[in-house]
Amino acid sequence: MKNNRIKSILMRPEISTFIMFIVIMTGFFIANDKFLSPRNIRIVMGITPEYIIVAIGIAILMISGEFDLSVGSVFALVPMTMVQLVHQGIPPWFAIALGLSIGIAVGFVNGFITLRFGIPSFIATLGMLYIARSLTTVATGGFPPPFPHSLPNELFVFQFEVFRASLFWMLGVAAIAGIMLHRSNLGNWIYATGGDTGAASSMGIKTNNVKMFCFILCGFLAGFAGMIQTFRIEAPLPSQGYLLELESIAAAVIGGVSLFGGVGTIFGAAIGAILIRFLESGIIMARIDAEWFRAGLGSLIIISVVFNTWVVRRGENMVHKNNAEEELKDDDSSKEKKDEA
Amino acid sequence: MSNENIIECKDLNKYYSGVHALKNLSLKIKKDSVVGLIGDNGAGKSTLIKILSGAHAPDTGHIYFEGNEVKFKSTKQAMNLGIETIYQYSALIPQMSIARNIFIGREQTNFSLGSIGLMKSKTMDKAAMDALNDVELHLRSPDTPVNQLSGGERQGVVIARAMYFKSKVLILDEPTNHLSVKETNKVLRFVEGLKKQGVTSIFITHNLSHVYPIADHLCVMARGEKIADLAKEDTSIDELTDLLVNG
Ligand SMILES: Nc1ncnc2c1ncn2[C@@H]1O[C@H](COP(=O)(O)OP(=O)(O)OP(=O)(O)O)[C@@H](O)[C@H]1O
Ligand SMILES: [Mg+2]
Chain A
1 MKNNRIKSIL MRPEISTFIM FIVIMTGFFI ANDKFLSPRN IRIVMGITPE YIIVAIGIAI
61 LMISGEFDLS VGSVFALVPM TMVQLVHQGI PPWFAIALGL SIGIAVGFVN GFITLRFGIP
121 SFIATLGMLY IARSLTTVAT GGFPPPFPHS LPNELFVFQF EVFRASLFWM LGVAAIAGIM
181 LHRSNLGNWI YATGGDTGAA SSMGIKTNNV KMFCFILCGF LAGFAGMIQT FRIEAPLPSQ
241 GYLLELESIA AAVIGGVSLF GGVGTIFGAA IGAILIRFLE SGIIMARIDA EWFRAGLGSL
301 IIISVVFNTW VVRRGENMVH KNNAEEELKD DDSSKEKKDE A
Chain B
1 MSNENIIECK DLNKYYSGVH ALKNLSLKIK KDSVVGLIGD NGAGKSTLIK ILSGAHAPDT
61 GHIYFEGNEV KFKSTKQAMN LGIETIYQYS ALIPQMSIAR NIFIGREQTN FSLGSIGLMK
121 SKTMDKAAMD ALNDVELHLR SPDTPVNQLS GGERQGVVIA RAMYFKSKVL ILDEPTNHLS
181 VKETNKVLRF VEGLKKQGVT SIFITHNLSH VYPIADHLCV MARGEKIADL AKEDTSIDEL
241 TDLLVNG
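These protein sequence lines map, in sequence, to chains A and B. Quick note: the first sequence uses our numbering, first residue 1, plus one each step. Quick note: the second sequence uses our numbering, first residue 1, plus one each step.
What the hints contain is simulated information worked out from the structure, not anything from laboratory work. Hints may be right or wrong, so weigh each one.
So, partial list: chain B residues that the calculated Cβ filter (under 10 Å) puts toward chain A [to be verified]:
1. C9
2. N13
3. Y15
4. S17
5. H20
6. S74
7. N80
8. L81
9. L92
10. M96
11. T109
12. S115
13. M119
14. T123
Every residue, glycine too, gets a C-beta built ideally from N, C-alpha and C.
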């Protein structure tokens, strides 16, 4: 009984990611002991929350069985909108609200096109990737605008001793998303919708509404994270978040989120995102040419998915073996009974 | 079995872009009975039960449930009245646990904002185990993902779910498909148990030998029509086989 519990925990893909995380961290630490110095942790953890927030949105959407390739572009469009609105004389908090609602609107349009026309979200959001990026560049008017210091950026990125305020915002997002996904009935519907849309809707779940919610949440979180990045570097760049869509999917997948929907956790996606950032830092600190980062990331994606699959399969085999043994026992005991009779 | 009709359909017709899948089908189903609905591939069995379960609307015709006319707009409406359907293709989410599956769409929640709330996981786990025990299905833990169960156990979980939510009518579309003999017997025992607990079941199959032993009534379909509707006393395996083969 207890054994089974341990096995079922070991079978969870985010746990194998966590093990991999420890191994990689140890490896880089051996290569350069400054890797885990407060200074380096401060640098890495200063930027990681932004990526974790995007990865959380992507992970939830992928669990519901859909994709969003436009997060990188939304990551740039939302803060650019905020900055330009402030330059137009709109009050900062109102500009922030309007900017975030652009993220929500993009999520809604992604969901609407995907669900209304029954096309793959891969295509709908690929289109949006280009559209939103183009809008961002147009919004700059050809020249990146200066950062308006009336925006309350310290509230989001203030540098404490080791961590930035963004870490606490990220923890807040993760806690709310985690409770929603793992503890609420809405979370149950998200897993059911991604696991088997047909079965879920036959049980009365409005699967399109569930997916729409996830699209909107993903767009909102991508915009929110982009805002934090712009607030941190105090410069709205039209190229911000370039290729972030692939990196976020990578983070989710490394953390055990399934490409086919219905499987994954917030914790896994967060670990995946952290792992990517420390990998980048580790490669730099080990004095390896930074160009190797992408090769490292590529290998990490493949290795982690292979490893996850292997761990899950091994766990399943153990369970099947247990079942078979128990059935044998059943047969034996019924034989004994017959013998007694 | 009582003499009241729990479900009555009159002159149902359904077209699928040119295919006339149900032709003037009328049917009466008695309370607390087991009805075997048999017919070859494409006979229209699934179409009929999709209409009874609210998944599709008939193009013409009427349905009466416990004497009152009903027009279902969704499966949820039918479920709320107590008509639960187990589809040919599983109605379980493979990666989710047994307990989560039993409560999909009907989770017990602590407090709620609109329809969203925090799930009472412990209560649901316990209720799930009780529901499984009620159908004599003894599984190790409510946390086991459904994809680790055998086909027969999965059907058992679905039946336990229907029982837990006090269904009056349980429709099973080919519940014994792809099951071994041993597993098939398990499912048949579940269905027999339902009758004792006052649940009417409609058992769809194209394998007569599965449903014959447990059915009270047999209904044969071919090409969208009902070609026979017989009480078990009035028929035999040979006659039914003949009807099935020769339509
Ligand atoms: N969604 C659909 N669109 C078009 N035609 C359909 C659809 N569903 C069923 N049909 C057609 O309606 C007819 C009846 O199909 P139905 O699924 O009800 O048969 P069945 O008796 O359940 O068969 P089986 O034993 O193979 O499950 C078939 O000719 C089928 O091709
Ligand atoms: Mg069918």
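How the hints compare with the structure:
1. Because the beta carbon of C9/B sits about 20 Å from the nearest beta carbon in chain A, more than 10 Å, this interface hint is broken.
2. Given hint, N13/B at the interface with chain A, is violated; its Cβ is 23 Å from that chain's nearest Cβ, farther than 10 Å.
3. Taking 10 Å as the C-beta cut-off, the interface hint given for Y15/B is violated, the closest approach to chain A being about 22 Å.
4. Here the hint on S17/B is broken, as its CB sits about 17 Å from the closest CB of chain A, past 10 Å.
5. For the restraint placing H20/B at the interface with chain A, the shortest Cβ-Cβ distance is roughly 25 Å, beyond the 10 Å limit, so the hint is violated.
6. Satisfaction of the interface hint for S74/B is found here, the shortest Cβ-Cβ separation to chain A being roughly 7 Å, below the 10 Å cut-off.
7. Hint on N80/B holds. Least Cβ distance to chain A is approximately 9 Å, under the 10 Å limit.
8. Against a cut-off of 10 Å between C-beta atoms, the interface hint on L81/B is violated, since the closest Cβ of chain A lies about 12 Å away.
9. Using the Cβ-Cβ criterion of 10 Å, the hint placing L92/B at the interface with chain A is satisfied: the shortest such distance is roughly 6 Å.
10. Annotation: interface hint on M96/B holds; nearest CB of chain A at approximately 6 Å, less than 10 Å.
11. Of the supplied interface hints, the one on T109/B holds, with its beta-carbon coming within about 6 Å of a beta-carbon of chain A, less than 10 Å.
12. Among the interface hints, the one on S115/B holds; its C-beta lies about 8 Å from the nearest C-beta in chain A, closer than the 10 Å criterion.
13. This hint holds: M119/B has a C-beta 6 Å from the nearest C-beta of chain A, less than the 10 Å allowed.
14. Given hint, T123/B at the interface with chain A, is violated; its Cβ is 13 Å from that chain's nearest Cβ, farther than 10 Å.
Hint compliance for this structure: hints 1, 2, 3, 4, 5, 8, 14 are broken, all remaining hints hold.
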